[in-house]
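Please arrange chain Y on chain D, whose structure you already have, making use of the hints.
2 protein chains.
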Amino acid sequence: MFRRVYLDNSATTPIDKEVFEAMLPFLNEKFGNASSIHFFGQEARAAVDRARHQVAETVNARPNEIVFTSGGTEANNLAIRGLVEANDKYGKHIITSEIEHSAVKEVCADLEKRGYEVTYLPVYEDGIVKLEDIKNAIREDTILISIMTANNEIGTIQPVEEIGKLVRDLRETSKKIWFHTDAVQAVGKIKVDVEEIGCDLLSISGHKIYAPKGVGALYVRRGVRLHKQNIGGHQERERRGGTENVPFIAAFGKACEIAKNKLSKNAENLQILRDKFESEVGEKIAHLVFNGNREKRLPHISNLSFRFIEGEGLLINLDMNGIAVSTGSACSSGSLEPSPVIRALGRNDELARGAIRFSFGNENSAEDVEYLLEVLPKAVENLRKLSPSFQNFKQ
Amino acid sequence: MFRRVYLDNSATTPIDKEVFEAMLPFLNEKFGNASSIHFFGQEARAAVDRARHQVAETVNARPNEIVFTSGGTEANNLAIRGLVEANDKYGKHIITSEIEHSAVKEVCADLEKRGYEVTYLPVYEDGIVKLEDIKNAIREDTILISIMTANNEIGTIQPVEEIGKLVRDLRETSKKIWFHTDAVQAVGKIKVDVEEIGCDLLSISGHKIYAPKGVGALYVRRGVRLHKQNIGGHQERERRGGTENVPFIAAFGKACEIAKNKLSKNAENLQILRDKFESEVGEKIAHLVFNGNREKRLPHISNLSFRFIEGEGLLINLDMNGIAVSTGSACSSGSLEPSPVIRALGRNDELARGAIRFSFGNENSAEDVEYLLEVLPKAVENLRKLSPSFQNFKQ
Numbered sequence: 001m002f003r004r005v006y007l008d009n010s011a012t013t014p015i016d017k018e019v020f021e022a023m024l025p026f027l028n029e030k031f032g033n034a035s036s037i038h039f040f041g042q043e044a045r046a047a048v049d050r051a052r053h054q055v056a057e058t059v060n061a062r063p064n065e066i067v068f069t070s071g072g073t074e075a076n077n078l079a080i081r082g083l084v085e086a087n088d089k090y091g092k093h094i095i096t097s098e099i100e101h102s103a104v105k106e107v108c109a110d111l112e113k114r115g116y117e118v119t120y121l122p123v124y125e126d127g128i129v130k131l132e133d134i135k136n137a138i139r140e141d142t143i144l145i146s147i148m149t150a151n152n153e154i155g156t157i158q159p160v161e162e163i164g165k166l167v168r169d170l171r172e173t174s175k176k177i178w179f180h181t182d183a184v185q186a187v188g189k190i191k192v193d194v195e196e197i198g199c200d201l202l203s204i205s206g207h208k209i210y211a212p213k214g215v216g217a218l219y220v221r222r223g224v225r226l227h228k229q230n231i232g233g234h235q236e237r238e239r240r241g242g243t244e245n246v247p248f249i250a251a252f253g254k255a256c257e258i259a260k261n262k263l264s265k266n267a268e269n270l271q272i273l274r275d276k277f278e279s280e281v282g283e284k285i286a287h288l289v290f291n292g293n294r295e296k297r298l299p300h301i302s303n304l305s306f307r308f309i310e311g312e313g314l315l316i317n318l319d320m321n322g323i324a325v326s327t328g329s330a331c332s333s334g335s336l337e338p339s340p341v342i343r344a345l346g347r348n349d350e351l352a353r354g355a356i357r358f359s360f361g362n363e364n365s366a367e368d369v370e371y372l373l374e375v376l377p378k379a380v381e382n383l384r385k386l387s388p389s390f391q392n393f394k395q
Numbered sequence: 001m002f003r004r005v006y007l008d009n010s011a012t013t014p015i016d017k018e019v020f021e022a023m024l025p026f027l028n029e030k031f032g033n034a035s036s037i038h039f040f041g042q043e044a045r046a047a048v049d050r051a052r053h054q055v056a057e058t059v060n061a062r063p064n065e066i067v068f069t070s071g072g073t074e075a076n077n078l079a080i081r082g083l084v085e086a087n088d089k090y091g092k093h094i095i096t097s098e099i100e101h102s103a104v105k106e107v108c109a110d111l112e113k114r115g116y117e118v119t120y121l122p123v124y125e126d127g128i129v130k131l132e133d134i135k136n137a138i139r140e141d142t143i144l145i146s147i148m149t150a151n152n153e154i155g156t157i158q159p160v161e162e163i164g165k166l167v168r169d170l171r172e173t174s175k176k177i178w179f180h181t182d183a184v185q186a187v188g189k190i191k192v193d194v195e196e197i198g199c200d201l202l203s204i205s206g207h208k209i210y211a212p213k214g215v216g217a218l219y220v221r222r223g224v225r226l227h228k229q230n231i232g233g234h235q236e237r238e239r240r241g242g243t244e245n246v247p248f249i250a251a252f253g254k255a256c257e258i259a260k261n262k263l264s265k266n267a268e269n270l271q272i273l274r275d276k277f278e279s280e281v282g283e284k285i286a287h288l289v290f291n292g293n294r295e296k297r298l299p300h301i302s303n304l305s306f307r308f309i310e311g312e313g314l315l316i317n318l319d320m321n322g323i324a325v326s327t328g329s330a331c332s333s334g335s336l337e338p339s340p341v342i343r344a345l346g347r348n349d350e351l352a353r354g355a356i357r358f359s360f361g362n363e364n365s366a367e368d369v370e371y372l373l374e375v376l377p378k379a380v381e382n383l384r385k386l387s388p389s390f391q392n393f394k395q
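Those protein sequences? They're chains D and Y, same order as listed. Position one of the first sequence corresponds to residue 1 (our numbering), numbered consecutively onward. Position one of the second sequence corresponds to residue 1 (our numbering), numbered consecutively onward.
One should not assume that every hint holds.
Subject to a maximum C-alpha distance of 25 angstroms in a straight line, what follows is the list of computed DMTMM-like cross-link-like pairs (lysine to aspartate or glutamate) [stated by the list, open to error]:
| # | chain 1 | residue 1 | chain 2 | residue 2 |
| --- | --- | --- | --- | --- |
| 1 | Y | Lys276 | Y | Glu370 |
| 2 | Y | Lys113 | D | Glu85 |
| 3 | D | Lys30 | Y | Glu363 |
| 4 | D | Lys113 | Y | Glu112 |
| 5 | D | Lys265 | D | Glu283 |
| 6 | Y | Lys17 | D | Asp16 |
| 7 | Y | Lys30 | D | Glu85 |
| 8 | D | Lys30 | Y | Asp319 |
Think of the hints as simulated: they come from the structure by calculation, not from any bench.
The shape of chain D in the complex, shown without the other chains (with noise of 0.2 angstroms):
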């Protein structure tokens, strides 16, 4: 029976009710601007200062260390462009990975056109990044590592802690040095804190958190100077013009404490369902590859490679029956390319093009595997019989 399952909150997830509730008000009788010094002004301003305790809570880091945006793109581009622009009397190097969101590697190509020099750092088959390579990769002119958190397309936890620590321990040799990470996958499947971390900048998404799409915020670490990007107004302590968003702040504060709160009992029911799919998929399918490492993952992403079929026509094909999948980011859909983060894994053509990510939600349930258990196989199973490269293999 045909059923709507989404499984590709990865993407995008859809707003939690609370979070809603959350927000309601700022859509309707307290709309003030939280610029103005008024009544109406004031009521938003407090929304604001509220969610702004809620996300420094959730990553533990003090109130005006965080910097509200619009969205983690924002984030990304005002932590890189930001530090860079504020700190390149230092140096103008940037040391950053090969399976990087397109919102930090598009700006570090960006960056290259003017003057500055980026180092893409490998994260072999297993789709980490290594220490060593990182500590060959640092120059005398080195000024920022970014390393995501946690990788968007196959769930890779990266080494940020290590990270961290090199950092600041070249800072205490006075070198100037700081560490950015995009934190946008990471908050609310595992722990994300700014001090075990050691970061100087991380990035987080409110719709990635059941919060809406259009907001995000920036940690900056007290201290850490940043140009600011989108200027104009006083508002975010100078660090970010333009009238704040105070139903969408609203509403990603309260999506943050739920994301704190309720992080290991939704981020085990993530890994149960997960696991339920992985354990059993490659009982009813033959060639399958898993990309990535699958013990320092995400809870909630399985990215596979169907040998033989195209992950386009997978994805067409399960969204007919109502299961919604994604080949890669969706921020590079409309690229031709297969997803460079499957390339970085060392896959040939063939299984870069094969591969489809699974990402569960807090709203998925065991139906939902068990129908995604149903469907997969025989779509799967379809596009073969169509495809010559499968005939071919089978003689």
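Chain Y alone, transformed into the frame defined by chain D:
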């Protein structure tokens, strides 16, 4: 009797009921990421496309000339930085005015630190830029003119059509020069037509026209090249990265449609309220000065300086009586300086500090104005009693 009267509609507006209804499905069941290929994504994509048509139609543009942003500030940043960074091989000189919003002025000031030169044109007592001054300021290396359609504090309408014609004439001589106008305050109050204005770039904001805070758009004339600012992802035809804020984009589309369809009716109602206020306030309060040209002006803004008192004191006094007004732009609040817009009119410190903006909205009624006319004279009188300069003046 105490009453809440919101007269700060230039700072932000409440969300229109129809606009709220238009966005509601996208805060609930239709939560997809517009970049996703599956059903959930396509539902979101359709909403973004529809909104793009609505916004385009409102300013007489083509849909693919509309770039959605996180608000008016981001639209201004993208317009100005985007244009000059993509075109600085033709020159590095910008012309703007002394009364632009901080999202234009501060972006220009930031560019000055990076090797650009900026001419800030005066506006004289009536608050309107002179075309002659623009002509005189244009140099060989001028690449951008950024003049707002109408001012946010005093409402004066600038000669944007004349500037548009001037720029087009110059381009016919094969000069490389472009024209940006910040129309954030003008849309929904007067007709804004990109063909009549003849601009290359035009900024709009949602929350000034009864959509939520956190969404806006930049009109980019076909063929105009911009250097991307919010980088990461293929969204907005490669002109603005980041997951689309689908609910607010849907809301913004609806708000634009309403702004266009009800333009003359709304503008007329606003003007009736404003004129009622202005015709009676002078009879009830002495030593008043109207700021800015009273003819070439948006229909909903009244900016008055009350001699012998501080605007901020009056604002707080009115707020205690339930009336919300402002001393200047909300984006500049927190600054201790008197409004730079009022200063640009040549007003002395006393008048600049005594300025109050009353901005009427679609939800205001004649009763609101009567309440204001009852409360305001008493508030002014009380403050003047405590004012040493007024006591000196009387003697």
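Outcome of the hint check:
no.	hint	result
1	Y:Lys276 x Y:Glu370	holds (9 angstroms)
2	Y:Lys113 x D:Glu85	holds (12 angstroms)
3	D:Lys30 x Y:Glu363	holds (14 angstroms)
4	D:Lys113 x Y:Glu112	holds (21 angstroms)
5	D:Lys265 x D:Glu283	violated (28 angstroms)
6	Y:Lys17 x D:Asp16	holds (23 angstroms)
7	Y:Lys30 x D:Glu85	violated (39 angstroms)
8	D:Lys30 x Y:Asp319	holds (15 angstroms)
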